[in-house]
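Q: Make a model of the complete structure from these sequences and hints.
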Amino acid sequence: MRHHHQQQQQQQQQRHENNVAMLPAVGAAAAAEVNLGQNIHIGVILQQLQHQQQLQGGQQQQQQQQGQQQQQHQHQQIPSLLAAYHAMPQILFMAIDQQGNECAICLDQIDLETFVRPLPCNHIFHNECIENWYGSNHETCPLCRREMATQNIPEQHNNGTANGPN
1 MRHHHQQQQQ QQQQRHENNV AMLPAVGAAA AAEVNLGQNI HIGVILQQLQ
51 HQQQLQGGQQ QQQQQQGQQQ QQHQHQQIPS LLAAYHAMPQ ILFMAIDQQG
101 NECAICLDQI DLETFVRPLP CNHIFHNECI ENWYGSNHET CPLCRREMAT
151 QNIPEQHNNG TANGPN
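In full-length UniProt numbering, the protein residues as written are 1 to 166.
Errors might be hidden in some of the hints.
[What the hints assert, rightly or not] Across the chosen pairs, the derived CB separations fall in these ranges:
1) 144 / 63: 31 to 37 angstroms
2) 137 / 106: 14 to 20 angstroms
3) 113 / 145: 27 to 33 angstroms
By construction, these hints were calculated from the structure, which means they are not laboratory data.
If you're wondering where the values come from, they're calculated on a predicted model, not measured in any experiment.
For every residue, glycine included, the Cβ atom is placed at its ideal position computed from N, Cα and C.
A: Right, here's the structure in full:
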């Protein structure tokens, strides 16, 4: 009789271990509940785990959608920044003094009588340098960080010459 009782306990333990082994990868707390409580229904735990996985999957999908929307917004913004830059008048650079005549992007001098497009904040850069700057999705002036798209073109540039930054 004692041998029969031990055999039943071993079979029950084996079934319990098999049920635990069939669980998907779960946290240590859930696995401990399954191992400790013999009255716990495996089906309930599996349902809870499936629900958690569905919630996590929904959060991941929402994060992916937000990332895609952000990328689309950035791609739409680049042409608008370049369009705003190209809408500014191209003028001939005429420096009053020799200080402040370098492009803050490439650090080379801006030569006299070179065509430039001053930004609304009156800072000037080589055309190619600032076009690459805005093409890289920067939205502000490289020097003062004023927003490009929200500024109006200053009236003082309408005469066709620039005298360097103020």
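Q: For each hint, tell me whether it holds in the structure or not.
A: Against the structure, the hints come out as follows:
1. Between residue 144 and residue 63 the C-beta distance comes to about 34 angstroms, which sits within the given range of 31 to 37 angstroms.
2. Evaluation of the 14 to 20 angstroms hint for residue 137 and residue 106 yields a pass: the beta carbon distance comes to about 19 angstroms.
3. A hinted range of 27 to 33 angstroms for the beta carbons of residue 113 and residue 145 is consistent with their spacing of about 29 angstroms.
The structure agrees with every numbered hint stated previously.
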